[in-house]
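Chain by chain, the residues:
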Amino acid sequence: MKIKKNVAISESGFIFNPTTGDSFSTNPIGLEIIRMLKEEKSKDEIRKSILSKYITDDSTFEKDYYDFVMMLQTNQVADDSE
Amino acid sequence: MEKIRYERPVIKKLNTGVMNKYGTRTEYAPVTNIDGARVKDLIAEFGSPLFVMSEQTIRKTYKDAVRAFTTRYPKVQFAWSYKTHYNNAICSVFHQEGSWSEVVSGFEYNKALLNGVPGNKIIFNGPDKTDDDLILAINNESMIHIDHLDELYRIIELTDELKKRPKVAIRVNMDTGVYPMWDRFGFNYESGQAWDAINKIILTNKMDLIGLHSHIGTFMLTPSAYAVAATKLSDLAFHIKSKFGKNITYIDMGGGFASRNTLKGSYLMGADSVPTFDDYAEAICSALLNSEYSKEDLPLLILESGRSLVDEAGFLLGTVLANKRLSDGRKATIMDFGVNILFTSFWYEHKISPAQEFSHYTEDSVIYGPLCMNIDVIRENITLPPMKKGDNVVVHTVGAYNMTQWMQFIAMRPNIVMIDMDGKPHLIRKKETLEYMNSLEITPEYLKGFKL
Ligand SMILES: Cc1ncc(COP(=O)(O)O)c(C=O)c1O
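Taken in order, these protein sequences are the chains called A and L. Heads up, the first sequence is in numbering that gives the first Met the number 0, so the first residue is 0 and it goes up one at a time. Heads up, the second sequence is in numbering that gives the first Met the number 0, so the first residue is 0 and it goes up one at a time.
Isolated chain L, as found in the complex (with noise of 0.2 angstroms):
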């Protein structure tokens, strides 16, 4: 007699009627493959934990961002936020595509010029940019953010140094009607700090200011709150226009969008509740559009958004290394990739997908991965088929700040891949080795060698 799969034996309770803590949503369907190329293969030739993207996803969505602000407004242009993602070959498809970049730092600055970004297309924000920075993008011509009086002081003693005008805006915070207000960056607009610094700038007549940005918080579910920062921003260019005659010539409304992700004690799964592209740019373009601007002076709009990007076209791949029973008699299943690779998964509840083929029965367990500290929970309940040491499982919608925010603790950081066009897998950072990070590390000569 054939012998046939085995799975190992469950047995769960079944809730009648109510909706218990897990939901009642179950996210246990298979998956096999990532654009084509099989998990199984993937896992085989680049390793387990193992970070994948699929540029067929990230081009997708791009194109989708872009058609919902370009058919409801003029003059549109995308900045790709590094932070979210500044592995080199995902910031070249973005270029590829058309993104101009945004960068906070003077490493994501350099890191943009050597993928070929002109200067003049880097907009630089942040609180954070040393003189040598900014002597290079006011000698490269960047836009410079400018975020507090002391960078504004600084950069017009540079001016008188470098006999230069560098352009600049400034950023702008506000009270939108959303909490928390993120009023550490920038220049206040209710207080009159912003219209403050627009007066500085202008009349010492050192440098253009040529933008007014804003970037109002991250995961923003409310659109209707960046129709009231493009307002405000829009009352500032109409009241540059009145008193100095000059025109602003471009807006920027930072990021924010929401990633189809699901909020930790959200109820509804973040793709069925988060707003689209065309929710954002309906609220911002109106705003732009029904403001003061006649139609020759309307402003470029910049949009900086990162996670509502990438996060889709992000996946983690990982195994299976053990199966627990909790105290209380919940299952654990403890995976090879924790919360030192996988940092999101404090904000959300990671959709975790089984990578091989699966009977309907399920149980209720915890994700833990293998740190040995009790922080490290991936979902503190999901609904998932058992799962045997081995088996493997895709995590998704990881693409937006995994991969610059992880932490190289205990363990090191895994292979990134990136399946093309045509579902072949790229490797795009290699995996981090014990010669690499001790080449980093230096032991003073009378520390070398010891007796035990």
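Looking at chain A on its own, in the form it has when it is part of the complex (with noise of 0.2 angstroms):
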């Protein structure tokens, strides 16, 4: 899983995809869960950093992080060639 080369992604979490046009907004988790997977950090190192900082759990981050990644996916932000 990898965010898009080309993909800009500005301090206020807007989000520019050049390939279709289409732009996004994220909310601050969500701005540090793609910057994270900018620097290409694992799952593992981004659950750790996300545990440390917020007041959560594991299941939560689990199924949270899993659905952000789809709609990522779908929203052709990120590619899912490993």
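To be clear, the hints were calculated from the coordinates, so they are not data collected in a lab. For glycine and all other residues, C-beta sits at the position ideal for the given N, C-alpha and C. Wrong hints could be hidden among the right ones.
Calculated lysine-lysine pairs in the DSSO-like style (CA-CA distance at most 30 angstroms, straight line) [claimed, not checked]: (1) A/K42 / L/K323; (2) A/K37 / L/K387; (3) A/K37 / L/K12; (4) L/K12 / A/K1; (5) L/K74 / L/K110.
Chain A stretches covered by chain L per the calculated footprint, using a threshold of three residues with CB under 8 angstroms from any CB of chain L [unchecked claim]: (6) 52-59; (7) 66-76.
Ranges of calculated distance between the beta carbons of each label pair, as one might list FRET restraints [what the hints assert, rightly or not]: (8) L/E356 / A/D43: 27 to 35 angstroms; (9) A/K47 / L/H359: 23 to 31 angstroms; (10) A/S11 / L/Q95: 50 to 58 angstroms.
Take the two lone chains, each set in its own frame, and fit them into one complex as the hints suggest.
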């Protein structure tokens, strides 16, 4: 799972995909995850980072991460070529 | 390092410039209390889902409606439409404010009597009045609104047995330029049926025709339709006066004013687009004042408004059960309440607010109820902040018809509380229990006990 190379990500959570012309907004935690994915961090590293920073638990993270990543793929912000 | 509040990560496509089917509105300002009572505390004490009625909003809305009419017309009387919300506490608030009652069945009639409404302040409408109902209403000198000829003839027979002169009105249906026309109820104006019924009543001389009634429809968005109705009823009253020399003492315009809700498919929020009490009052009162009545003969104006008086005072509190992702990518949120207790979601796009603080990030979602049925959709598309299991929501403007038309399906009906003028909640209807439900059922002896 990778964020596409040409996808532009702004400080404020504004995301632009030049291939499709679509733009998106995301919340701060979504932005953090996208940044980490862009830096090619593993899911485990992302999990650790989120769990240490936010009041949440493992199973909530698991469920929401899976859903978020699926939306990134649906919106062609990420591709699943590993 | 102190940990911060967690919010589910969301990503939302931006549609620049174009108005998508979700519209551009956002409805996610959190609502954490109702009239000073905290939503979380109400749910902790009375459970979820929970209907909450605001006494303050009922009284304020009622006073506003009364003001709109009494500033334009000298004699005005409201009669609370029981079917809209016949919980006794709610009815009592309306009666304390001075409202009579309008009922359409023996059940509602007896509820009004037990609430302490004098018989002669009860208007009895509808096509379904049994002999027992009619006898009770005649003996109590209630206003009986005759719906059809069969009922008229039955009342004539009963007057002979009871040796009483009932006080009656007829319900008149008519073309007011609004479609569909409600011609199922009462006697038609244009075809001459209404005039025919009036002649039969007056010439048989067994009862007193004291009023004329119409209820032209519900959620009427065109006040001018009421002006047409008021003019046609006034014409009938004028003909009665010219032919028989008798005065009609009241004109009952029924209900039907829109509440501040948003009809499905409408791009405008109801609160911004529905007519006000002043708009309706202006149409009705001008039509009455401009017709042929002399100053002394001006009839009492009766109004049977239901939804417009109570819808806004009702809230439904609920809880998120789960989130799902639909195959087309939309978010689906499943609530602990469905169309069984919120059947008005078939007509309205109910406003739904989260009951806790959120960031300003939102998602387009579908809101489902918990029933195992496809039709159980509360909102087909709504923009809300990400919510997680256990979060609470407040559904707005649900005070009319839901707590009388709710279905006991799969689950039992929840508690209703009313927040009083000082912000204190009172339980006004207990949630149903398995014990209560079972107490109504009878299992024949021979079916009791089995081996599996
Ligand atoms: C005879 C009559 N009066 C009053 C009402 C109340 O109508 P609304 O809630 O639209 O004001 C109704 C509702 O159907 C009705 O049938």
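The hints, checked one at a time:
no.	hint	verdict
1	A/K42 / L/K323	holds (22 angstroms)
2	A/K37 / L/K387	holds (27 angstroms)
3	A/K37 / L/K12	holds (19 angstroms)
4	L/K12 / A/K1	holds (19 angstroms)
5	L/K74 / L/K110	holds (27 angstroms)
6	52-59	holds (count 5)
7	66-76	holds (count 8)
8	L/E356 / A/D43: 27 to 35 angstroms	holds (31 angstroms)
9	A/K47 / L/H359: 23 to 31 angstroms	holds (28 angstroms)
10	A/S11 / L/Q95: 50 to 58 angstroms	holds (54 angstroms)
In this structure, every one of the numbered hints holds.
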